[in-house]
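There are 2 protein chains.
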Amino acid sequence: MDLYSGHINKLIEELAALPGIGSKSAQRLAFHLINMPQDKVNRLANVMMEAKANVRYCSECYTLTDREICPVCANVKRNHGMIMVVENTRDLAAYEKTGKYEGVYHVLHGAISPMLGIGPSDIKLKELIERLEGDVEEVIIATNSSLEGETTAMYISKLIKPTGVRVTRIASGVPVGGDLEYIDEVTLLRALEGRTEL
Amino acid sequence: MDLYSGHINKLIEELAALPGIGSKSAQRLAFHLINMPQDKVNRLANVMMEAKANVRYCSECYTLTDREICPVCANVKRNHGMIMVVENTRDLAAYEKTGKYEGVYHVLHGAISPMLGIGPSDIKLKELIERLEGDVEEVIIATNSSLEGETTAMYISKLIKPTGVRVTRIASGVPVGGDLEYIDEVTLLRALEGRTEL
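In order, the protein sequence lines correspond to chains A and B.
For the first sequence, the working numbering begins at 1 and goes up steadily by one.
For the second sequence, the working numbering begins at 1 and goes up steadily by one.
Incorrect hints may appear among the rest.
Since the list gives no way to pick one copy over another, a pair counts as held whenever it fits inside one copy or between any two copies.
[What the hints assert, rightly or not] Cross-link-like lysine to any residue pairs, in silico, SDA-like; alpha carbons within 25 Å at most:
(1) K10 x H32
(2) K40 x T187
(3) K24 x P175
(4) K97 x K124
(5) K97 x V167
(6) K100 x P71
(7) K24 x D184
(8) K40 x G20
(9) K77 x P19
(10) K10 x P37
(11) K126 x A17
(12) K124 x P37
(13) K97 x G177
(14) K124 x D179
Derived by calculation from the structure, the hints in this document are not laboratory data.
Predicted model only: the values in this text are computed from it and were never measured.
Chain A on its own, in the form it takes in the complex:
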């Protein structure tokens, strides 16, 4: 139905194609954009195009950055012998926000998923193995605690162990502040298995 006429429909359609934006949100966003001053809309549009044009992979850890080497890898104070493997740049950011991790990262850009047809060669795994030729002491696998994340963790661990580099996995269990009553059984069992001495 041609409710809004061409330009608005096209904008709603483009916005609705973005992840997490349904048709209602797309409508609301579209009308918000149309009511914004033209210069602000132009600025947003330009920021989008520029980000896309300028952002690339860090040549060491493959996180998204607009430099040749990302700020973490470029920091000589970080421990470059400790590599945390994450699925994507947002996960890297989540650990960076803790401000407590001193090592560097490796961003896989995905996880192995036979269901979705994503194999080891579709993520930045070869690149991780290449990095191990340097002076690496430990690889901390921080893929998600999902089926894909666990599969990927197992795969990486089997791949790296023969090289003699220490491979660890971040703990999974009850989230801090979590109420046991509301936590799923798998997590509860995982927390039990992973119990530590007090």
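For this one, chain A is given, so just place chain B on it according to the hints.
Using the frame of chain A, we list chain B on its own:
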């Protein structure tokens, strides 16, 4: 914290300023945009700028359109003597989707809200009154069933009644398929007051 470096941070910031997009969604969207092909990003950016540049108010009903007269007002088959007053273009679209309303609309672009300092002169009310000089039989007030919407409905009704034009208000009550148990008391009382003969 300079987690992602300039271009990404700027993009996340711009996206998070949009309505209904929190910082987490803004991050997700930003990375999605960066992973999209450049031509698709450019297309989205251009669609945004073009929509903003080309969309204006319909010179009759003040809905957003990219023509001088919107498709509804331009349709001679619609009943131009029946005007439904709505708060915004999305509300117009909601009624258009029913496909059952034969009249035309008037879009106020807001509602009277003393709390927010929005008075009668801040919405397209003068424009509505001007339209009554034509051949109008009925004004159906379809502002929201909120405090602001009700205030606006009362105000418009008092303004129009002296002109002799029929003024009606859409019914408010229990939504179709709504379970009484989960419906607030005010709505339940409103539904009771508005009961009709069977």
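Here is what the structure says about each hint:
Taking identical chains as interchangeable, the C-alpha atoms of K10 and H32 lie at most 25 Å apart whether they share a chain (15 Å) or sit on different chains (19 Å). Taking the shortest Cα distances, K40 and T187 never come within 25 Å of each other, neither inside one copy (46 Å) nor across copies (40 Å). For the identical chains of this complex, K24 and P175 are inter-copy neighbours only, at 19 Å across copies versus 33 Å inside a copy, given an alpha-carbon limit of 25 Å. For a Cα distance limit of 25 Å, the shortest separation of K97 from K124 inside one copy, 23 Å, qualifies, whereas the shortest one across copies, 47 Å, does not.
Only within a single protomer do K97 and V167 lie at most 25 Å apart by alpha-carbon distance; the minimum there is 23 Å, versus 58 Å between protomers. Taking the shortest alpha-carbon separations for K100 and P71, only the intra-copy value of 16 Å comes in at or below 25 Å, while the best inter-copy value is 59 Å. In this assembly of identical chains, K24 and D184 lie within 25 Å of each other by CA distance solely across copies; the values are 24 Å between and 32 Å within a copy. Taking identical chains as interchangeable, the C-alpha atoms of K40 and G20 lie at most 25 Å apart whether they share a chain (23 Å) or sit on different chains (18 Å).
Taking the closest pair of Cα atoms, K77 and P19 never come within 25 Å of each other, the shortest separation being 37 Å inside a single copy and 39 Å across copies. In this assembly of identical chains, K10 and P37 lie within 25 Å of each other by CA distance both inside one copy and across copies; the values are 19 Å within and 18 Å between. Taking the shortest alpha-carbon separations for K126 and A17, neither the intra-copy value of 32 Å nor the inter-copy value of 38 Å comes in at or below 25 Å. In this homomeric assembly, K124 and P37 come within 25 Å of each other (Cα to Cα) only across copies, at 19 Å, whereas the closest approach inside a single copy is 42 Å.
Taking the closest pair of Cα atoms, K97 and G177 come within 25 Å of each other only inside a single copy of the chain (18 Å); across copies the shortest separation is 45 Å, beyond that limit. When the C-alpha separation of K124 and D179 is checked against a cutoff of 25 Å, the pair qualifies neither within a copy, at 36 Å, nor between copies, at 51 Å.
The structure fails hints 2, 9, 11, 14 (numbered hints given earlier, in ascending order).
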